[in-house]
Amino acid sequence: MKPSRRVDPYWMLLPTLLFLFVFFLFPLGMLIKQSFFSWDLLTDARYVGLGNYRALLRSGELWHTFTTTLSMSTAVVLGSMAAGLGLALLLDRPGRFAAFLRAAVFSAYVVSWVSVALLFLWLLDADSGIFSGLWRALCGGRAPNWLGDPAWAPWAVAGVSVWKITGYALVLFLSGLQDVPSSVLEAAELDGASPSARFRNVTWPLLRPTTLFVATTSLIASFQLFDVVRVMTQGGPVRSTTVFVYAVYEQLFLDLRVGRASAEAVVFFAILLLLTGAQFLLFRAQEST
Amino acid sequence: MIARRELLGASALAAASLVGACESDAVPRGRTPVSLWFSYGGTNREVLEGLVRRFNARQSRDYVQAVYQGDYFEGLAKLRTAIAAGCAPVLSHVVGEVVPYLANAHVLEPLGDYPGVRDLDLIPELGQEGSWLGGSARTLVALPFNRSTPIAYLNADLFAQAGLRAPRDWAELRAVAQRLSVPNTRFGFGCPINWWFWVALVGQAGGSVVEADGRVSLGDEAGVEALSLWQELVRDGFMKPPPGRDYNAWEQCNQDFLSGRAAMIWSSTAFLKYLEAHARFRVVAAPLPAGRKRAVPTGGTFWIVLRGAVTEQKAAAVRFLRFMHEPEQVIEWSNRTGYIPVTRAAVKELERRGYYAAHPNDAVALEQLSVAEPWPWSVDLFRLQREIVQPRLESAVLEGSDARTVLGEARALALEPT
Numbered sequence: 178m179k180p181s182r183r184v185d186p187y188w189m190l191l192p193t194l195l196f197l198f199v200f201f202l203f204p205l206g207m208l209i210k211q212s213f214f215s216w217d218l219l220t221d222a223r224y225v226g227l228g229n230y231r232a233l234l235r236s237g238e239l240w241h242t243f244t245t246t247l248s249m250s251t252a253v254v255l256g257s258m259a260a261g262l263g264l265a266l267l268l269d270r271p272g273r274f275a276a277f278l279r280a281a282v283f284s285a286y287v288v289s290w291v292s293v294a295l296l297f298l299w300l301l302d303a304d305s306g307i308f309s310g311l312w313r314a315l316c317g318g319r320a321p322n323w324l325g326d327p328a329w330a331p332w333a334v335a336g337v338s339v340w341k342i343t344g345y346a347l348v349l350f351l352s353g354l355q356d357v358p359s360s361v362l363e364a365a366e367l368d369g370a371s372p373s374a375r376f377r378n379v380t381w382p383l384l385r386p387t388t389l390f391v392a393t394t395s396l397i398a399s400f401q402l403f404d405v406v407r408v409m410t411q412g413g414p415v416r417s418t419t420v421f422v423y424a425v426y427e428q429l430f431l432d433l434r435v436g437r438a439s440a441e442a443v444v445f446f447a448i449l450l451l452l453t454g455a456q457f458l459l460f461r462a463q464e465s466t
Numbered sequence: 060m061i062a063r064r065e066l067l068g069a070s071a072l073a074a075a076s077l078v079g080a081c082e083s084d085a086v087p088r089g090r091t092p093v094s095l096w097f098s099y100g101g102t103n104r105e106v107l108e109g110l111v112r113r114f115n116a117r118q119s120r121d122y123v124q125a126v127y128q129g130d131y132f133e134g135l136a137k138l139r140t141a142i143a144a145g146c147a148p149v150l151s152h153v154v155g156e157v158v159p160y161l162a163n164a165h166v167l168e169p170l171g172d173y174p175g176v177r178d179l180d181l182i183p184e185l186g187q188e189g190s191w192l193g194g195s196a197r198t199l200v201a202l203p204f205n206r207s208t209p210i211a212y213l214n215a216d217l218f219a220q221a222g223l224r225a226p227r228d229w230a231e232l233r234a235v236a237q238r239l240s241v242p243n244t245r246f247g248f249g250c251p252i253n254w255w256f257w258v259a260l261v262g263q264a265g266g267s268v269v270e271a272d273g274r275v276s277l278g279d280e281a282g283v284e285a286l287s288l289w290q291e292l293v294r295d296g297f298m299k300p301p302p303g304r305d306y307n308a309w310e311q312c313n314q315d316f317l318s319g320r321a322a323m324i325w326s327s328t329a330f331l332k333y334l335e336a337h338a339r340f341r342v343v344a345a346p347l348p349a350g351r352k353r354a355v356p357t358g359g360t361f362w363i364v365l366r367g368a369v370t371e372q373k374a375a376a377v378r379f380l381r382f383m384h385e386p387e388q389v390i391e392w393s394n395r396t397g398y399i400p401v402t403r404a405a406v407k408e409l410e411r412r413g414y415y416a417a418h419p420n421d422a423v424a425l426e427q428l429s430v431a432e433p434w435p436w437s438v439d440l441f442r443l444q445r446e447i448v449q450p451r452l453e454s455a456v457l458e459g460s461d462a463r464t465v466l467g468e469a470r471a472l473a474l475e476p477t
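Taken in sequence, the protein lines are chains A and B. Using my numbering, you'd call the opening residue of the first sequence number 178 and step up by one each time. Using my numbering, you'd call the opening residue of the second sequence number 60 and step up by one each time.
A hint or two may mislead.
[Stated by the list, open to error] Where chain A lies over chain B, by a calculated footprint (3+ residues, C-beta under 8 Å):
hint, stretch
1, 176-189
2, 255-268
[What the hints assert, rightly or not] Which chain A residues stay away from chain B? Per the calculated CB distances, all over 12 Å, these:
hint, residue
3, L315
4, F376
5, L449
[To be verified] On the chain A side, residues computed to face chain B include the following (Cβ under 7 Å):
hint, residue
6, L208
7, I209
8, R319
9, S360
10, L362
11, R416
12, F430
13, D432
Source of the hints: derived by calculation from the structure; they are not laboratory data. Fair warning: this is a prediction, and the values are worked out from it, not measured in the lab. Cβ atoms here follow ideal geometry from the backbone N, Cα and C, with glycine treated the same way.
Here chain B stands alone, though its shape is the one from the complex (with noise of 0.2 Å):
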C-alpha cells in the first residue's frame, strides 16, 4: 500500500509546479478607470500593454487596466458572460464576424458622436464603413484595432532552390504544392483547415457566402469548387491539415512552416513579425492567389465600447481610443505586430519613409485591400461560422465527406430557426 509519505511526496512534486504572482494595478486617485478586456498573447500582448503604459504616462486623466482574457473566442465567451451579469469591462476588442450580434443585442455604445471619432481618417475597408455591407449606414459601433487579411507566407530558399515563385492562381497554387512536396519529409502547402481561408477561397471563385438579398447560400458552387481545392491537395499529399481546431491549428501551421514541414503556408498577416523572427529561411509574403479572381476577406478585431458602463468611464475609453490611432501608435502597433495601419495618415507616414520599400513584406496585406470583400452584416454570420461551416469544413477534408452535400446540409442548417 501507498505510504502516506510516497502520496506526500508525490503531491508535493504536483504542488511544486504551481506557481503564482499577483500584479496589482491600482488606479492613481483622481482618475477615471478604463477596464479594457483584450486577447493577445505573445509580442502583441507585450505591445499592447506598452501602448496602454504609455496612454497612462502621458496623461493624467484617464487611467486604463487592460486584464488579458484567453483567444479570441474564449474573450468573447467571458465579456458575453460578464455582460450578462452586469460586471463587464468599459472597453474591450471582438472578431469582426460578432459585431452585427453585439450591436442588434443593444450592448454597444454608439461611438460616432464623441469628440474626434469622425474625424480618424480610418482606411474605409478596414472600418466598419467598408469592412461590412452597408457598414457606414448604420450607427457606429465598432473602431478597427488588428486587421488583417489573410496572405501566403514562401520559405524563400526552398522556392528559389527549386526556382519559383509564389503562385499568381490556383493552377500554380497546385503546381507548386506538388513541386516542394517530399513525401514523409516536406508537404509543399499548409493552411488551417478554417472558415477564413474558406471564405478568401469562396471569393476567389467568384462567389459569396451571404448574397446581397442575406440569402445564406455559401458561395453556391463557388463553395464546392473551394472545398474541393482543399481536398485534393490534401489527398493527394501536397497540403498538410494542421491538428486542432481554432487557433491551435493557426499555431500548428506556423510550426509546420518554421520546422520546414511545409514550404508554403497561408496564414494571418497577424503572424509576419513573428514568423520573420523565428524562422531560420528566409520568409516572403505573398498576395494570396487568384481563381476567376482575386478576393480576400479582412479579418481581425474592433474596438467596442460597452453600453452599459459609466457615461464617465465611456468618454475616457474613446479619448483611449483615440490615442491609439494617433499615427505613432497604430505604426507601433503595426510594424512590431504585422498588422494592417488602419488609418491613412499611417500608411502616408510609413510610405514618407521608406518603410515599404524597405519591408516589402508589410506591404502585401495592405495592398490586398484593393481586393478586400466586405462581410454581410448578418447577426447569425458568427453561427454560420461556428456551428454550421466549420465543422463540416472540418468533415470535408479530414474524413472526405462530399464537399457538395456537406455544404448542402449547411445551407439547410442556416435556414433554420435559431
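Pulled out of the complex, with its shape left as it was, chain A reads as follows (with noise of 0.2 Å):
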C-alpha cells in the first residue's frame, strides 16, 4: 500500500521512535560515553579512555564473569529445557489431574524471582534445610554447603532458576506437542514404531521449531539472573555466583565505580547482541529447511 503523502509514514513510527530513542538509544549513548570515564557520581569524572575495559580484562573480572554467566545460563537452559519437555510428554493428555499438574508446574513461572529466591534459602540450608536431610538420609555424612561452598552454589542457583522458569519450557513444549500432526504418529505406529522411535523420528524432528525458540528465549533470559543472586548469594562465595547483571550492580552500586559498571555492560550488550544475532540466523535458516 502507498501512503498518500510521503511523509505519513514517518510521523506515525514518531512515537516508537521517541520512546526507543528516550528509553534505549539515548541510555545506551550515555552508557558507552560513560564506560570511557571514571566517575563515582559525587566527584567529578576524569576521562580514562579504555582504560575500564583494560582494568576489566586485566584484572580477570571479566572472563571470570563471563565465564560463570555462560556456564550456569548452559546449566539452566538445559536443565529447564529437558524438564519442559519431559513434563511436556508426561502431561499432554485430557483430564483433570493432569490440568492441574500443568497449573501447578506453571504457577512457578509467575511466582516472583524474590519470593523464590527466599523459599530456597530455607530448602538449601546446609544444617536444617530439607536438600541437606535428603543428603544424610540418602548419602549419610555432612551434606554439602549448597550456597557456601564456591564448587556447589553456581550449581544451586542454577537449579534455583531451572525450577522457576521450567513452566514456561513446558508450556512452550505442549503447544509445539499439539502441533504435531496426530495422523503422521498414528501411521508410524501402524508402521510398528515403538513409543521411542516414535518420539525419536517423528515427534523430536518436528519440535525442531520450538526447541530452537525455546532454548535461545531461555539462554537470554538466564543471561538477565539478577535477582536469585542477590537474595541468595550476593554473587558469592568467592564470586564463584557473579553473573554479568549482578556484575555490573556491584560494580555501580557497592563500589561506586560508574565508568566500570558501564564498560561491562557495553560488553554484555554486545555479548547478547550476538546471540540475538545467531538466533535470527538459525531462524533463518530453520525457515529455508
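Using the hints, build the complex out of the two chains.
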C-alpha cells in the first residue's frame, strides 16, 4: 500500500521512535560514553579512554564473569528444556489431574523471583534444609554447603532458576506437541514404530522450531539472572555466582564505579547482540529448510 | 495446552502473595521537616522509630520522617545515587569506612559550628576524634550513632559442660574450638569471613591495614598470620564459614549459634540483645582473645547531615542529633540493642544505676574500647574493603588459596590508580 503523502509513515512511527530514543538509544549512548570515564557520581568524572575495559580484562573479572554466566546459563537452559520437555510429554493428555499438574508447574513461573529465592534459602540451608536432610538420608555424612561452597553454589542457584522457568518451557513444548499431526504419529504406530522410535523419528524432529525458540529465549533470559543471585548469594562465595547483571550492579551501586559498570554493561550488551544475531540466523536457516 | 482458566488460576496464586500497605507520615503544618534515611531492620528499627516518635512528640518545631533504606550497603548505594540526583535526605547514617570518602566529595555538612555540638560529651574512641587517625584535626562531619566492637558470644551451657572458659589468646581459641567441635554436629567456632573481623585479627597479630604514613600494608606478616588462623580452623573442621556475603553471612552465623551448630561465634555487640533474647541457653559475651596483643576495630555507623539540604532543615537535623545524644535516648538505644553508649554521661548514669553489674555482657564492648584501634582517614578505605580485601579473604578461606599470595595481590591492586 502506498501512503497518500510521503511523510505519513514517519509521523506514525514517531511515537515509537521517540520511545526507543528516550528509553533505549539515548541511555545506550550515555552508557558507551560513561564507559570511557572514571566516575563515582559524587566527584568530577575523569576521562580514562579504554582504561575501564583494560582494568576489567587485566583483573580477569570480565572473563570470570563471562564464564560464570555462560556455565550457569548453559545449566539453566539445558535443565529447564529437559525438564520442560519431559513434563510436556507426561502431561500432554486430557484429564483434570494432568490439568492441575500443568497449572502447578506453570505457577512457579509467575511467582516473583525474590519469593522463590527466599523459599530456596530455607530449602537449601546447609544444616536444616530439606535438601541437606535428603542428602544425609541417602548418602550419609554432612551435606554439602549448597550456597556456601564455591563448587556447589553456582549449580544450586542454577537449579533454583531451572525450577522457576521450567513452566515456561513446558507451555511452549505443550503447544509444540499439539502441532505434531496425529495422523503422522498414527501412521508410524501402524508401521510398528515403538513409542521411543516415534518420539525420536517423528515428534522430536517436528519439535525443532519450538526447541530452538525455547533454547534461545531461555538463554537470553538466563543471561539476565539477578534477583535470585542478589537474594541467595550476593555473587559469592568467592564470586562463584557473580553473573553479568549482578557484576554491573555491584560495580555501580556497591563499589561506586560508574565507568567500570558501564564498560561491563557495554560488553554484556555486545554479547546479547551476538546471541540475538545467532538466533536470527538460526531461525532463517530453519525457515529455509 | 494450558487453558486460560489454569493460567489465570496460577497468576491469581502469585498475585495473592503480594500484599502492600502504604503509610503516610505527613509533616504537621508549621514544623520543619527532616528526612532521615536509616538502615536497620528488626528491633533496631523499632527502637529508632520509637525515639523519632518521641522527638516529634516532645517539641513542635521540627518533624523527623524516618524511612528504611535496606542494609548499610544498600542504604549507601541509595544515598549516593540520591545525592547525585539532588534528592538526598537531610540526615542519614553511614559506616565509618565511607565517611572519609564522602567528606572528600564535599557532600557532608560541617557540624562543629552548630550550637551544642561541641558540648556533646562523646566517648573519644567512638566519635570522629578517636575513630580515625587524626580525626580531631579534621572538620567535624560525623557524630557517633550505633557504635560497636566485635565480641565473642559463648554458649555458656556447652562451655560449662566442657569445663572451659572464654579463650584469652589465639592458642586457647584453637584449643577451645577443637574441644567443642563434634564432627557432623557442631563447630566449636563460627565467624563471618568478613573484613571487620580480619582487621581485628591483624591488630591482634601486631599489624595495621594501612600504616601511619598512608601505605597500604594489609598488615604485612600480621595480615598473613590473621588469615592463616582462619584457614587452619576451617581446614581442621573447628570453624564453620557461613554462606553468603555481607550481612547474610552475619545472620547465618547468628543462626548457627542460636541453633547450637556453633558453640562460640564472633559477631558485633549489636546482636547482643537479639542473641540473649532468642537463645535457649545462657549466652555469655567475652572480649576477643589476644594474639601478640589485644586489639579490636570499632564499627557501626555515624550520623551525617547532607550539605546540599536546606539550611533550616540542616539546623533541625542537628537539633534532632542533640536530642539523640541526651542520656535518656543514648541509654535506651544502647540497652535495647546492645550498641555501645556513645556519651560519657550515659555511661556514668548506667554505672550509677548498677546496670553493668546486673548485665555484665553489656560491659564487654565498652571495656574493649581500651584496646580499640582507630581507622586510617583514607578515601579509598571502603574500596580497599569491598573490592580488594573481602573477595580475597573468601578465596583464601573457602578455596584454600595461599594467604601470602592473595594478600600480595591485594596490596598490588591497592597501589593501582582508581
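Taking the hints in turn, this is what the structure says about them:
Residue count for the stretch 176-189 of chain B with a Cβ under 8 Å from a Cβ of chain A: 0. That is fewer than the three needed, and the coverage hint is violated. Restraint check on the stretch 255-268 of chain B versus chain A: 0 residues with Cβ-Cβ distances below 8 Å, three needed, restraint violated. At roughly 15 Å from the closest C-beta of chain B, the C-beta of A:L315 stays outside 12 Å, upholding its exclusion from the interface. Against the 12 Å criterion, A:F376 stays outside the reach of chain B, whose nearest CB is about 19 Å from its own CB.
Taking the minimum C-beta to C-beta distance to chain B, about 25 Å, the non-interface status of A:L449 holds against the 12 Å cut. This hint is violated: A:L208 has a C-beta 16 Å from the nearest C-beta of chain B, more than the 7 Å allowed. Annotation: interface hint on A:I209 violated; nearest CB of chain B at approximately 19 Å, more than 7 Å. With a cut of 7 Å, the hint placing A:R319 at the interface with chain B holds, because the nearest CB-to-CB distance is about 5 Å.
With its C-beta approaching chain B no nearer than about 19 Å, A:S360 sits outside the 7 Å limit, and its interface hint is violated. Interface restraint check for A:L362: the shortest CB-CB distance to chain B comes to about 17 Å, outside 7 Å, so the restraint is violated. With its C-beta approaching chain B no nearer than about 6 Å, A:R416 sits inside the 7 Å limit, and its interface hint holds. A hinted interface residue such as A:F430 counts as satisfied when its beta carbon comes closer than 7 Å to some beta carbon of chain B; here the least separation is about 4 Å, so the hint holds.
Because the closest C-beta pair between A:D432 and chain B is about 5 Å apart, less than 7 Å, the hint holds.
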